[in-house]
Each structure stands twice: as structure tokens, then as C-alpha cells.
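In the order they appear, the protein sequences are chains A, B, C, D and E.
Sequence positions in the first sequence follow this note's numbering and run 66 to 431.
Sequence positions in the second sequence follow this note's numbering and run 2 to 359.
Sequence positions in the third sequence follow this note's numbering and run 66 to 307.
Sequence positions in the fourth sequence follow this note's numbering and run 94 to 348.
Sequence positions in the fifth sequence follow this note's numbering and run 5 to 308.
Just so you know, the hints here were simulated from the structure itself, not pulled from any lab data.
Predicted model, so just to flag it, every value in this text is computed and none were measured.
By construction, the Cβ of each residue, glycine as well, lies at the ideal position given by its N, Cα and C atoms.
Any given hint could be a false lead.
[Stated by the list, open to error] Some chain E residues flagged as far from chain D (calculated, every beta-carbon gap over 10 Å): (1) 7; (2) 14; (3) 138; (4) 142; (5) 149; (6) 174; (7) 189; (8) 190; (9) 192; (10) 200; (11) 207; (12) 240; (13) 286; (14) 287; (15) 308.
[Unchecked claim] Computed cross-link-like contacts, DSSO-like style, restricted to lysine-lysine with a CA-CA straight-line distance of at most 27 Å: (16) D/147 with B/223; (17) B/223 with D/212; (18) D/156 with B/223; (19) D/285 with C/301; (20) A/401 with A/180.
[Stated by the list, open to error] Computed, partial: chain B to chain D, Cβ under 8 Å: (21) 28; (22) 198; (23) 200; (24) 205; (25) 216; (26) 227.
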Amino acid sequence: ADDTIKIGFNIPLTGEIPKVGEESKFAGQMLMNEVNAKGGVDVGGKKYKLEFIYEDNESKAESAVAVSLKLIERDQVLAIVGPNSSKQAIPAGQVANDNKTPMISPWSTNPDTTKDRPWVFRAAFIDPFQGPIAVDFAIKTFKAQKAAVLYALSNDYSKNLAEIFQADFNKKKGAGAVVAFESYGDKDQDFSAQLTKIVAAKPDIIFLPNNYNEVALIVKQAHDLGWKGPFMGADAWGNSELMTLCGDDCKGHYFTTHYAAAGAKGETKEFIDKYQKLYGYQPADVAALTWDAINVVLAGIQNAGKLTGNVRKDREAIRNGISAIKEVKGITGNMKFDEQGDPIKCAVVVKINDAGEFEFAESVCP
Amino acid sequence: MKKYSVPALLTTFALCTVVAAYFEIIDLYVQTIIMFIGVNIILSSSFNIINGYMGEFACGHAGFMAVGAYVTSILNVMFFTSSKTFGDPIFSPELALWFFPVTMIIGGVAAAITGLLVAIPSFKTRDDYLAIITLAANFIIVSLFINMDSLGGARGFMGMKQIVFAMEDVAFLPWMLIWTFVFTYFVVFLIRRFVSSTYGKGIIAIHQDEIAAEIMSVNTNKMKLVAFMFSSGLAGIAGGLFAHILGYINPNSFNILKSTECLVMVYLGGMGSLSGSIIAAILFTLLIEMLRFIIPAADTLIHLIPLVPDTFHLSQVLKWVIIPLILVILMQFRPEGIMGNRELSDFFPKLKKYYEFK
Amino acid sequence: MLLEIKNLYVKYGNIEALHGISFTVDKGEIVTLIGANGAGKTTTLHAITRVPPPEGSKVSGGDILYNGKSLLNVPAHSIVADYNIALAPEGRHIFGNLTVEENLKLATYSRGAEDESLKKDYERVYALFPKMSERRHQRSETLSGGEQQMLSVSRAIMTSCNFILLDEPSMGLSPLLMYDMFRVLKQLNEEGMTILLIEQNANLALKFAHRGYVLDTGEIVASGTASELLSNPDVKKAYLGG
Amino acid sequence: MALLKIEGLSQMFGGLTAVSDFKTEFQGNELMGLIGPNGAGKTTVFNIVSGFYKPTQGQIIFKDRAINGLKPHKVTGMGVARTFQNIRLWHDMSLLDNILISQHYNLGYNLFDLFTRNKRYIENEKRMKHIAMQLLEQLDLIQFIDERPKNLPYGIQRKIEIARALSVKPSLLLLDEPAAGLNSSDIQDLIKLIRWIHKEFDIAIWMIEHQMAVVMSLCSWIQVIDFGKTIAQGTPEEIQSNPAVIKAYLGDDKI
Amino acid sequence: MLDSIIQNLFNALQWGSFYSLIALGYTLVYGVLRLINFAHGDIFMVGAYIAYFIAIFLFKGSLSLSGGLTLALVIPLTMILTAMFGVTLERIAYRPLRRKGANRLYVVITALMCGLILENGNLAFLGASRKSFPELIDKVVYNFGMISMTNLKIGVIISSIIVYFILNAIISKTKIGMAMRAISYDKFAIPLMGIPIDTIIVFTFILGSSLAGLAGILFAMSYPILDPFMGAIIGWKAFIAAVVGGIGDIKGAFVGGFLLGIVEILVVAVFPSTFRDLIAFSILLIILVIKPTGLFGVAKSTKI
Ligand SMILES: Nc1ncnc2c1ncn2[C@@H]1O[C@H](COP(=O)(O)OP(=O)(O)OP(=O)(O)O)[C@@H](O)[C@H]1O
Ligand SMILES: Nc1ncnc2c1ncn2[C@@H]1O[C@H](COP(=O)(O)OP(=O)(O)OP(=O)(O)O)[C@@H](O)[C@H]1O
Ligand SMILES: [Mg+2]
Ligand SMILES: [Mg+2]
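The shape of chain A in the complex, shown without the other chains (with noise of 0.2 Å):
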């Protein structure tokens, strides 16, 4: 109808990240029932609806890219959110962009996404930012002088962290201060051998720029062999399952995210909160920067001023105010888009405590 504003969601019901599509999913739906329940967003003095399409893209790229074109064509949405993982998002966004639809990606890392596509846009930091930060507070915290990395060799999130966090320690440390720079396969379920291989190269830390449940088994083994000392990791462990698949053996450690959980104030603490109440469990930083993501989509259509009905238009102007945002504000943090479409935000260093809570240790912002 009129006055509904149509936003899709291309996220990962299925595949290898049900989990995150899930929490996308849940974000995506809490934010709509509370506007929706307030009667709506308003635009230039007129109550509009909201309406979000989730569409599977199975975690897989040519799904992603029909759904993608699903939504445009078949849906007429007025802005895409998703996908999250890389492998998707690269070639969505690339089909965002040819057909002129405003996109924002909630959650991938790779600068590719949105270099040189003034049609997309994403919330989450990049991880030539996040890496450092690891970096800086490794050698502060532990004073690390040699560093270990475990990364999963398929997944390019992990990949680029990985690379980027040995060549900035490696910078700071004098070359062949990464004493061990290991991988792993898709699915791998034993890290034993590359584990043996970095436990005896003797590092005082070792980073673990990885997804949470493989942060468990990776953590739990590592101790198996005999590992005593620290890890850090980054923001894909912020996932409230970390904790009941990891126990005891991830506490003390670090990681570099966009919010903290534990201790969070004002509208984060609300947002987690609520989502925790309405589906039983903390969000992970992806529900998090679903929303945030949202948000980013809705202070765009606030900043065009009003809405045609004509979808092409609508959707240039929607662009043209996700560009001109001078500040959102997030639960993520604060943030505004620089001109390839990324956001300038704080990331924060977080500790999970003997309670099993992430708690913040520190701020960085760019």
C-alpha cells in the first residue's frame, strides 16, 4: 500500500550461519513491532508502516544475488539489509548498486562491499580498524612480544583479520614477531596439530580472530595441550552462545567488538534486554548491528524528507540521505559514513569476567 515503506532482508536463514540470520531476523522484527506499534514511522508529516521481507539466501552467493534481485524487482523494497557474510554481501551488493536500491550490510567486514559502490553502505567497522586495536592492546595488556594466530583459511573474514592483525604486530614488534600464523579448514572440528605447532613456538598471546563456536573447541584445546596463557579475539565471538558452549575456559580473555553486553547502558542495555525477554537469550553483536543497520535505513528516509511512492525515486533519495547522515546515533555507537559507504564508530575492547559477562575494558575510537 501507500504508506508503508518496504525494507528486505537478505540474510542467512539456512546454510552454514542459520544463527546469524536468525538474530538478524529477531533484530529486524522487534524494531518493526515497536515502530509499527507506535503507529509508524514518520515522514515529512505522513505515518508510515513498516513492512520487512526475509528472504533466505541460504548463506550461499547466487542466492544471494536472486534474492537480492527478488526483492528489488518482485518486492519493490525501498532498501536492503544484509547480507551479512562477505561472500554474499560482495556480489548483493554489487547487483544493489546496478539497480540503483540503497544497501546496507549489518555485519561484513571486507572492504570490497562497498568500495566504489555509492549504493551500499554497512554498520559493522572494518577490520583494518579492528585489527590494530587487538594489536595495540595485546602489547599494552600482556606485553606481547611474540603473537600466535589461529584463522579459518575459508572464511574471509577470518582471513583478513588474521593477515591484517600479523602485519600490523609484525610492524610494531620487528618482523617474525607472529611465531606461529596457522589455519584451518571449513567445518574443522580438531586443532590439535596446528595447536601442538603453536603451543611449542611459545607466544605470549594468541589471537584467535574467529567464530564463536569455533573459539570453544579451539579454547578447550589449546588448555587439553597444556596452553596457560591468554587469548584475545575479535567481534565475531561476541555471541551470547560463547559462554554456554565455552564455560570456564574463556574467561580472562579479551576481544575487540562493537558493544558490551555486560555493564551496557541507555538504549544498548534496553535493546538487549528487550530481545532477551521476547526470544530467551542475549544477542550477539549482529542482532545488535541488525537494528543499528535499520536505523541507519530509517534516519535516511527521515534525512530525504518525504516519500513519492515512486520507487526509484524514493529509493535515490533514501541513498542520498544514508550518505548525508551527519550522526546516528546506535547501540553500537555513534556513527556517521565516510564516502565509500563505511562508518566511522568506536569499537571496544571487552573482557569476559569470571561471571561469564562481557564486560568493557576499554574504548577506541578512530
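Place chains B, C, D and E with the ligands on chain A using the hints.
Same frame as chain A, now just chains B, C, D and E with the ligands:
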């Protein structure tokens, strides 16, 4: 009449689709689905050469697809676009249109050569050992691309969209749609010629009794070589198309899961039935897309019944329960696939008036 | 009457292979079924033993009575295990990946623990076919054609049968062995074994059997004692090669 | 020049000597028999000659060329065709295809011709089809041309195997127990068929058979082997009365 | 250096044990039906989940039994339930196809589909959250110099060896084992020996699936994070291991499993880990090229 009716029909269909796409009568979504159907037809019918006609159980088709996809993409990106990997274009971008078929064929040839990787071990091994060799080859190829950092590694490789734009600059037409039609027809045409010749039937003889084939003068090693290279070469062509339709490729798109889809299409259609492969590819692709619409519709429908609680929803996850379930049930009724090893004309003898399978 | 086939119809899909045949076998008899290729002899034996051939045949009418009880609803394995009817099938069907000895051992699956009678049976088989004991530990798929045939027959004997169905047991056997085998079958018969024999070599079969039936395209066209059939001019012309 | 000359042929399987020091010779187009007890090594000899086994020792000269070690399809291409003890037809293809495919040794076109379907392709396909049709016509099998062998009676299948072997245009035809499983009247037909083939195609035929009626009435020369060794050879009359053969093979036909 | 090699050998033995246990299940079913039971990896997954639910019920639930007692109950219960599960699968999905005389590859595809149904059905009904398997026994880490071992790892390795010997005895010595081997060669003649074919097949699935169940428990204890797709890749790889050993052969599967484990781990230990799959699979490929029937597979000597 008999000779031209089917080509005429197919050409008309392709032309209508292209014209409709040009005038935006069918939208990009539908076009993409049509293109995916084309790619899947190439995949399943080429896979059928090995798994159907020759009766071997290979399961690494996606690996060869990857080779074709990468080779074609690299060549095109290197020749016709400026990229950070390869620098400035070597040739003028307008030439992309004319050289596209050439690079596609080169991709196919590269894939065919990779096919040697499985063809040569296949001389000595049969059925399930071959399954492993192909499976391992699939793992190896994917792993190789993941390790090639210069090609993006796990981050994938892109820039193929520029090629499509370059073609559109020459003439604004839905080029990928056109190429998909051209190559799909071409591939089916080649396969049909192959399996209906006495030469090609040698692989069917190998299927039914390899020893008898060898002793009755069929050079089984050569036939296997030809069959594997032919099949993997065509998979390479499918890969090239796939890469340019998507504009982006990633090694993980060609893992075992993709090979599994190829397997499903072949056996769904029927071993050794070309029309079966085509029908199965169409059905399979459509089924996946249809469920996008059916599941939400069914969800709305069941919520009309007051008994279903509001919190219960049919989720998209069910898609990958429903699709295999449909196949399992189908197998129970047609344990030889949709077409068995027969062709359309065997089911509808009247069709023979209009075309013959030769 | 041990076995009574009553008006038996068998179909392969829609094709009817047996059009209502009836015959009987008495305890202790040797009965032979002769007939041209494709007459339905094998089909009859398969129907009795309830083994479905890979393509599947169906009894569509009539009955098979064994000691007055119908066999039609008895599962195939129990024909051997409980009714003690064994079949040496056409095409041998030995287990090529097992050794000769294992093949024989498997045939005793439904027999109880190792006892005297079992030992006697092994000895009898090895005495009958010395080749079998020579090749005891050879993988049976590498046996020569005739050796495989011996194995198939030996295996049938090793089941606890007292009624044995033989489908062309002499196929591929050298003349010497063929005579040997018939000699031993005769001996088995004298010890109380009932035999239903299918043989292409009708001359030989009729010399060996007490009674015979002539099957032609799914129907019984002649029957009688062996000597009656041997002298029947029609039978002579059609099946005895002169 | 001899058509086929085998000398000192031996074949071992593990510790088992299946064939030992076997020799024979075909001058032109004889019709010879190879008999012997089960497991004597007859089929093994055929397997070696047709290239399926590589002999442990020995020489096989066919048309003045050593063929031991050649691949089976090469040997067949040179003119040695065979049938199998257990029928091995391509059961799920039409009879015509069965006869066509066995002409692979002489396709006369390559893949390029195939894909472009040029004149060479069309003419060669026509030629092969012609040969097949002629052969089926001659052997009176033409009415089964579109049938699949598995649906045909056993006797016909045996005949098809012979037809398929003939389509190779062999100069030496190996028949491994062609009469096995046939009944008495079929056997009479088979004897006529083989005799006719021998005359009509003017080829050498080498036959393994246990049915003495067949061997004795067809073969001009018979070789008897036992445990891989030749124990006798001669004309049918000589063989039938040879005590060693009677003891090892023929027996005294009393039941 | 020597330390790491020994450490890695132990790692490899543990990891290989899982491949072995799963490969044994593959080989059993394959050896009997010539069916590549692609759902086997997922039956293993189901086994792990069954173990999880039983363990949670007994350990964390109102009963709160001790860890050791829970484990003692979990092992037989899981094996029984997983076996029942495998048999049910055979009943409803494979047997009808077999009865209809379908080409065996269609049964293989059906198995592949059943695997997908299990994975995604699990996802749909249990949700996307991963499950964390409770620690039933206290982990003890033994250190010998630089080498670390845990009691669990030793247990896993020993279990898989015991299982192999039991299985081997069943297959090569008993009549039922002989019947299992015979079926793969000629199904037709089985009933003629008085052997109920379906019983043997069911028995095979019971054996294979209960092994998968056992592997599931041990795996869940060693890698205590369960997700619906946990059986997929390890299943494929175990299948490869089974074939490299010589499929259909118990010893082959056992050795093949350990071989794959050792190759995977040693490749990482020696080469850059990025090349693991590449090198490991190339090695396997080369083994198959040299020995086309696998390490222990008997060349099917075709006799014509
Ligand atoms: N699987 C099958 N499908 C269809 N028809 C069949 C099948 N098996 C046998 N028949 C047909 O049933 C009839 C009887 O076959 P059967 O095998 O019983 O003959 P037979 O007397 O044993 O012949 P032979 O002497 O060749 O062994 C034949 O006409 C045959 O064509
Ligand atoms: N591939 C093989 N491996 C091991 N032994 C073999 C092989 N092929 C044949 N043999 C053995 O060689 C011997 C000769 O076998 P062959 O098949 O040549 O006998 P045959 O003379 O044809 O007998 P029949 O008349 O019974 O067919 C047999 O004892 C057989 O077991
Ligand atoms: Mg018969
Ligand atoms: Mg022989």
C-alpha cells in the same frame, strides 16, 4: 519439417525471452532464474555423461565448474578491464563481447584438462573408488583456489561485472541472458550428438559391461578419457557462465554441496536421459525459488486456522527439509528418476513426428 | 504326495509365463521337467522356492502345496530353513567374494550347531567333488565355470534339505563330471532325497528320472514315466534331437 | 605363414598354474576344438589370446605379429573375436546397438567429425549400419533388431553373441561353450549355424565345448588339456578312443 | 621437535579414532548392500544429539546422577536409540527402493537426501543454537615433558581399537558375518541358503548405527559443541578414509580412518596449515592411483 521444428521452437523461445527482457516485460529476478536454469541444465546434462551414460559414480562436478569459472573470469578481467590484480586492460574493452565465447571455451578446455586428474586414475578404478577420487579432486581444487591469494583466496574474485558492462556498452542488450541461451543450447546439442553416435554409445557399453566392451573392440581407456574430459569441460563452461551472471566467485561456492546439487539433478532426471537432465534442472531450480513464495503463503494459510498458535511459524529452514523430502518421496514412486533412461520421445511417441533423438 | 502344483499361473509384470500348470512330486521320487528354452521351467522353480528374481515375478493364480500346506505365503528363507527344500539355481549364484569353504558353511546357516550329520555332509560333498576340497580356500569367483557349478550344487546339498530342486546342474560340466554328479544324485535319492530336476539334455534327464513332465510355453504338454516319454514320438521329435 | 601360432604359453595365478607350456597353431581356416575337464584352463587360454590376461610366459603370434601384451580392443581390432562362457551382451541396448558398438575398432571418424556431423561421419555411420543390418539379415536375427537382448530367449542371446563377434570381421573366432544351456534341438541349429559361418565367412574357428555331440561333429582337430597341460590331440575319432582322454574327461557314459 | 612429533602422533590417533569409528559404519553398510550410506555422518550427528539429551536429562535434570553413572547409562542407551534410528531410516527410505529393484545409485542419492533432511530438520526443530555437551567425567591432563594427554583421549583411542576387534571377529568368524559379506555379492542366492535377508540387513544397520552412536558420544565428549552440520564434513571424510583403506573391508576402514587422521595432522605439523586439504587429499589420491582398490581392498578378479 522434422529436422527444423525443434530448433525453430527453441530459437523462438530464446528470442521471445530476450526481447521480453529487453523491454523489461520480465524483470531481472526472473531473468536470473532463467539464467540459473541454463547453468543447471549444463551442469546436470554434462554430469549425466559420467554418472548416467557411463554409469560411474563421480561426485566432484563442482570442482571442474570452479576451474572454468576462474579461468574464464581471470582471462576476461585480465584482458578487458582494469583491475587491481592485473592492472590495465590488455585489449580494448569493446572486444569483450566478441571474445567472450573464446574465453568461455578456453575455460572449458582448462576444466577439461583438469578432468585428466580424475580420468587417468579412472582407468584402473571403478565405481566407488572413483567416487572418492572425484570427491578428493573437488576438495583439492577448492583448496587450491582458497590458497591462491593473488586471486582473492577465500575472499573470492570479482570484476566480471565490468565485462558485462563492457558488452552492454557495445550494444545495450541482456547479454548474459543471450549467452546463457547460446551456451545451453550449444552444450545440449553437443551432448546429443555425442551420445547418439556409435562412438559415444561406447560409453553406454562400458556402463553395461566394461569387460565385454573392451573385448569387443571399444578402447575403454580412451572412451573414459574422452567422457571425463568432455563432461568436465562442459562443467567448466557452466562455471564461466555462472561467474559472469554473478559477477563474483568464491571458492566455497564450488564445494561438495554444489556437487551434491549436481548429483541430485542427474539422478532426479534419470541416468542416461538427456531430456531427464534438462527437466530435472528446470524443476530443481524452480522448486528452490518457488518455496520462497510457498512457505510464507502456507504460513499465512495455516494461521487462518485458529488452532495454530501465533508464535509458531513455518520458517525458511524447512525449505531444505522439504526439497530432499520431495526427492525421497519421488524416488519411492519412480525409483529410476523422472525419465528412467528414456527420452521424451520414448514417452510420447507422437513427438517423434517432430523430432528425433539423433 | 510331497509337492503338488495346482493350476499355477505366474506373471512377469503383464507377461504371463506360466498358464496354469499342475504336477506332483512324490516323496523319494526323481521328477524331471523338460522343455525348450523359455518354456517356464526356471520360473516354476522360482515360484516354488519363493525367491523373487531381480525383476520380480508374481504368482497370479493356483497354489503350491507341500505336504498339503500352501507355500505361497511362506517367506523365501523359511522354505529352506523350515521346509527343507533347496534349490541349486540357474546361473550358479555362488558368493564369489567368499572362499569355497565359506560358501558351504553359509549354506548351513539355518542348521544347528556343528554336529555329526553336518560333518558327514561335508565329507560327502568333498568326496563327491574332490575339486571342492582341493580349492577349499580359494575365492570362489576365480573358480572355473564348471567348478562354480559344482559349488552351487554342493551348497544346495549342504542345506538341511530333503527335497532338492536342480536347475540345469550339468550346465558347463565336463562329461565325466556330469556322469559323476548324476551318479551321486542317484545315491542321494536312494538315501531318501526327493529330486526335481531341470535339464536341457532331455535324453539324459529321462534316463535318470522316474517320471517327467514336458513344459512348452508355460503349459504342460506331456507327462508320464520316463520310459513312456522317451518313447513318445512327439517328445522324441521335439526334445530328444531326433 | 600361420594365422595363429602359440608357443610355450603359461599362466600362473598366485601359486596355481592354470595353463602350462601350451602350444597350438592355426594354418588357415580350420575349425578346431579345445576340450578338457572343468578348470583345465581352456577359458584361460582364450582369455590370454583375446588379450584379457597377460600370459606369464609364452608367445602368441597372430598374422605374423606378437600379440601377447596387447590390449584386448587392439587384439580384437586385428581380427580375433570371441564369445563368452556366460553371456555378456549389453543387455540394456537394442540389438542393433550391440552390433554397432562392436565395430568401434573401425569407426573411421573422429570426435571432430562427430560434433560437426560431416560427410565422413555420416558415411561411416551408414557403413557400419549397413554391415550390422547385413549380418543380422544373414543370421536371421533381423526381426529382433529393436529388442533388448535381456528380453530375448536364451538361445537367441547365444546367437546374438556370435553375431556380435562376427561384426568385428574376425579371421579367428573363439567360441567359449556356445552350446551351454541349449536344449537338444537348439543344439542341432547351432551346429548348422557354426558350420555355415565357417564356410560362408571363411574364417578359423576355435571352440571350447563340453557337449561332445557338438565338438565331434564340427571339429576337424581336437586338443585336450588337463591341469593346463595338453594330454592329447587328434581327429575326433582318435580323441574319442584315447584312453587318457576317457579317463580324464569323457568317462564311460553310464549313469 | 621430537616432542611435537610424538604429541602430534597422539593427536592423530585421537582424531583418527573418530574417522575410524565412522568409517567402520560406512564400510559395514557398504560391505553388505553396496550402498554408500551418505546419511551415516548424520546418523553420527543424531547419535551425538541423543547422547546430549540423555545426558542432560540424567545429569542436569531432576535425577542429577553423578557424571560417571550418567556416562555408564548414556553409552548403552545412545547406542540402542541410534541403532533404532538407523534401522528406521533403512525401513522407510532404503528398503522400499531396494524391494523395487532400483539402481543402487538411487538408493545412494536417497541416503544423501535423508542426510540433508536430518541436518536441516534438526536445524528447523531444535533451532540454530548450538548445544554444549556437559562434562561427564573430570578431565585429567597428563603431562610428560612437553607432551600432554588427557584421560578422554586415551579412552577414545582404546575404544576404537576394541570396537574394531569385536567387529572383525563378528564379520570374519560368525555365520551372520559371513552372510553379511555374501549379500553384497549375490542377494538372490541368500534366501536359498535359508538366510532371512532383511534380518541380516537390519542387523547390519544396527551394528553400523550403534557404532555411529558410540562415535557420537565420544565425539561430543571430546569436542563438546554440537551443531546440526557436525556430521557432514567428517562423514564425507570418513567415507574417503573407508575407501582409501579398501571399502567393504573392516580392516581397511579401521586403518584408513587412522591413516587419514595421521595424514591430516602430520601435514599440518610439517607444512603450512593452509595446504592441509590440498596435500592430504593429494596423498590419498596418489595412494588410490597406486593401489586402485585401496590399501586392503581385494582386486575383484574378474573371471570371464
Ligand atoms: N525377468 C523376466 N521378465 C520378463 N519375462 C521373463 C523374465 N524371466 C523370464 N521371462 C519369461 O518367462 C518365460 C519363462 O522363462 P524361464 O526362465 O522360466 O524359462 P526356462 O524354461 O527356464 O528357459 P531356459 O531353458 O532358457 O532356462 C520366458 O518366455 C521368458 O521370456
Ligand atoms: N583370475 C584368476 N585368478 C585365480 N585363478 C584363476 C583365475 N582365472 C582362472 N583361474 C583358475 O584357473 C583354472 C582354469 O580356469 P579356466 O576358467 O580356464 O577353466 P576352464 O578350462 O575354462 O574350465 P570350465 O570348463 O569349467 O569353464 C581354474 O582352476 C581357475 O580356478
Ligand atoms: Mg531356465
Ligand atoms: Mg571355461
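Hint check results:
The beta carbon of residue 7 of chain E sits about 46 Å from the closest Cβ of chain D, which is more than 10 Å, so the claim that it is off the interface holds. Residue placement check: residue 14 of chain E keeps its beta carbon more than 10 Å from all beta carbons of chain D (closest about 40 Å). Every CB of chain D lies more than 10 Å from the CB of residue 138 of chain E, the least distance being 55 Å, so the non-interface label holds. Every C-beta of chain D lies more than 10 Å from that of residue 142 of chain E, the closest at about 55 Å, which supports listing it as non-interface.
In this structure residue 149 of chain E is separated from chain D by more than 10 Å, as the shortest Cβ-Cβ distance comes to about 49 Å. The beta carbon of residue 174 of chain E is kept farther than 10 Å from every beta carbon of chain D, the shortest such distance being approximately 28 Å. Chain D leaves residue 189 of chain E outside its interface by the beta-carbon criterion, the shortest separation being 15 Å against a cut-off of 10 Å. Distance check on residue 190 of chain E: its Cβ is at least 14 Å (rounded) from any Cβ of chain D, clearing the 10 Å threshold; non-interface status holds.
At roughly 15 Å from the closest C-beta of chain D, the C-beta of residue 192 of chain E stays outside 10 Å, upholding its exclusion from the interface. The Cβ of residue 200 of chain E lies farther than 10 Å from every Cβ of chain D, with a closest approach of about 29 Å, so its non-interface assignment holds. The non-interface label for residue 207 of chain E is consistent with chain D: the shortest C-beta to C-beta separation is roughly 32 Å, beyond 10 Å. Residue placement check: residue 240 of chain E keeps its beta carbon more than 10 Å from all beta carbons of chain D (closest about 31 Å).
The beta carbon of residue 286 of chain E is kept farther than 10 Å from every beta carbon of chain D, the shortest such distance being approximately 29 Å. Remark: the non-interface label on residue 287 of chain E is consistent with the geometry, its nearest Cβ contact in chain D lying 30 Å away (cut-off 10 Å). Non-interface status of residue 308 of chain E relative to chain D is broken: a Cβ of that chain comes within 10 Å, the nearest being about 6 Å off. Between residue 147 of chain D and residue 223 of chain B the CA atoms are separated by roughly 20 Å; this keeps the pair inside 27 Å, and the hint holds.
Distance hint between residue 223 of chain B and residue 212 of chain D is fulfilled; the C-alpha atoms sit about 24 Å from each other, no more than 27 Å. The suggested pairing of residue 156 of chain D with residue 223 of chain B holds, with an alpha-carbon distance near 25 Å, which does not exceed 27 Å. As the CA atoms of residue 285 of chain D and residue 301 of chain C are separated by approximately 20 Å, the hinted pair is consistent with the 27 Å bound. Taken as a hint, the residue 401 of chain A and residue 180 of chain A pair is honoured in the structure, with Cα atoms around 16 Å apart against an allowance of 27 Å.
This hint is violated: residue 28 of chain B has a C-beta 37 Å from the nearest C-beta of chain D, more than the 8 Å allowed. A cut of 8 Å between beta carbons decides the hint on residue 198 of chain B: the least distance to chain D is about 5 Å, and the hint holds. Taking 8 Å as the C-beta cut-off, the interface hint given for residue 200 of chain B holds, the closest approach to chain D being about 5 Å. Nearest Cβ of chain D to the Cβ of residue 205 of chain B: about 6 Å, under the 8 Å cut. The hint holds.
A least Cβ separation of about 5 Å between residue 216 of chain B and chain D falls short of the 8 Å threshold, and the interface hint therefore holds. At its closest, the beta carbon of residue 227 of chain B sits 7 Å from a beta carbon of chain D; the interface hint therefore holds under the 8 Å criterion.
The structure does not agree with the numbered hints 15 and 21 stated previously, though it agrees with the rest.
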